[in-house]
Amino acid sequence: MVSGFLLVIARDLRLALRQRADAWLAVLFFVLTAALFPFGVGPEPNLLARIAPGIIWVVALLAVLLSLERLFLADFEDGSLEQLLLSPLPLELAVLAKVLAHWLTTGLPLIAAAPLLAVLFHMDLAGLGVLLLAMLLGTPTLSLVGAVGAALTLGARRGGVLIPLLVLPLYVPALIFGVGATDAALQGFAVRPHLLLLGAVLLVMLVVTPLAGAAALRQALE
Amino acid sequence: MEKVTAFFQMGGYAAFVWPSLGLTVAVMSGLLIATLRQLRGRQRRLAELEAAGAQRRRRAASPPAAPPGETREARP
Amino acid sequence: MHRFANPARFTRIADRVLPFAAGGAVLALALGFYLALFVSPADYQQGESVRIMYVHVPSAWMAMVIYVAIALASAVALIWRHPLADLAAKASSPIGAGFAFLTLVTGSLWGRPMWGTWWEWDGRLTSMLILFFLYLGHMALMNAFEDSQRGYRAASILALVGVVNIPIIKFSVDWWSTLHQPTSVMRLDGPTIHPSMLWPLLIVALGFKLYYLTVVLLRIKSELIAARLRALDLAMVKGS
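One line per chain: the protein sequences are A, B and C, in this order. Under my numbering, the first residue of the first sequence carries the number 14, and numbering increases by one thereafter. Under my numbering, the first residue of the second sequence carries the number 1370, and numbering increases by one thereafter. Under my numbering, the first residue of the third sequence carries the number 2, and numbering increases by one thereafter.
Isolated chain A, as found in the complex (with noise of 0.2 angstroms):
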């Protein structure tokens, strides 16, 4: 069981490898995306400073939502995805494991540019370390969560279209702890109840979405 998890991990990260371009346009697009909020609303340092924790938050829950659609989809057309649901691997593990997967090449990478934003916003550099542990801890919901967003819209009509409009109002608490976790630590609040809180949505969401998406997966195969 644990090697069909594994297995299923290493094939999603082998195919993400192979086609990088789709990991980079994630990044890029959250850069791309944050880089535009100075031109809305002024390069003044301090505002910009104070709406950094939320922009990037923000922004990152776009690029997240930005690649979920192939989340399934290409299992989903050539096949695979009805071998997974034959495979001895229980197909709540698989949809876990795809979502592991996912958010090694969208969640990390994303983390892995939020110092450069941080950065071009003049955000308080102490409060960095807590910015990449909130969302060390809430981008994977967002992977979670939009994985039962994504295999609920298999087959659909302008399931691309839908995945935003099913996804993004579960998005809230997340970002509402992770934005707070950030701004506390750049006002000299206590971080750790929101730290706390973000920690037990991910919980609750490391139980329920693979359930959620499992079934979701074998009502789109059936």
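Heads up, some of the hints might be wrong.
When the alpha-carbon atoms are kept at most 25 angstroms apart in a straight line, the in silico SDA-like pairs for lysine to any residue are as follows [claimed, not checked]: (1) B:K1372 / C:W81; (2) B:K1372 / C:F34; (3) C:K171 / A:P177; (4) C:K210 / B:L1392; (5) C:K239 / C:R229; (6) C:K239 / B:R1414; (7) C:K210 / C:S197; (8) C:K239 / B:Q1412.
Calculated directly from the structure, the hints in this document are not laboratory data.
Here the structure of chain A is known, so what remains is to put chains B and C in place on it, guided by the hints.
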């Protein structure tokens, strides 16, 4: 009369109270009317189809008489 | 459980319940609005604008109750594969979305004189906005498939994920709004409520519930006929 105007003025909040109530009534009755119209339309179509189906079955039961063109007409 | 799955039987029961539900809704709404507009007193702080509460608060209750009802119907549909539960969930979500929309607009109309703005990022209103989006997602997913069965199944899973998330969203939004708005914000639930205000509120709320029951039964009936029409169309195509 003064009492009536005072009532409609709602202590100066008329511009907020009446639109709230009006919109509530509008949305609720709009949803009800849309539901009823959809239901009536579907009931009518079902009745037509069933009548057509019954006719067809009756024709099919009395075999050779009906020429092929006529049976086709019975279908919408 | 599947006793009620028989469409004819359901329609028979629905036709028996409908007159009472519709009549009760009309009576309760007439009495409730009469009490709310003529009998209940104006609030000593908010004046006559407090009368918006009598539609705003029951709408908010309905928006929440209907989502829970959808989640329950979805669970029944997924576990027992009960066809009527699917139809009940499908019939409910436009009504719930309507009430969520009413909550938002009446909240805005109430907020304008109280807060001085058309929109305040207050915890309750913001949660309701997210609930409204959840309804829209549910409706969109329900209708996104050629095969209606897939739409039912997918929307059921979404509703269950949604109902698990709602308390988390509610908590996070409350947390967020207390962080950003320290005090002094007028909250849209009125002060401690006096019986002369509570009764009209409860009667209007009862009227809304009966209205929901009426409309949902009508919509399920309508869906049943639509399914029968689809089957007949299919038979025609195969027959010709």
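Quick rundown of the hints versus the structure:
| no. | hint | verdict |
| --- | --- | --- |
| 1 | B:K1372 / C:W81 | violated, 59 angstroms |
| 2 | B:K1372 / C:F34 | holds, 18 angstroms |
| 3 | C:K171 / A:P177 | holds, 20 angstroms |
| 4 | C:K210 / B:L1392 | holds, 18 angstroms |
| 5 | C:K239 / C:R229 | holds, 15 angstroms |
| 6 | C:K239 / B:R1414 | holds, 19 angstroms |
| 7 | C:K210 / C:S197 | holds, 21 angstroms |
| 8 | C:K239 / B:Q1412 | holds, 23 angstroms |
Going through the hint list in order, the structure does not satisfy hint 1, though it satisfies all others.
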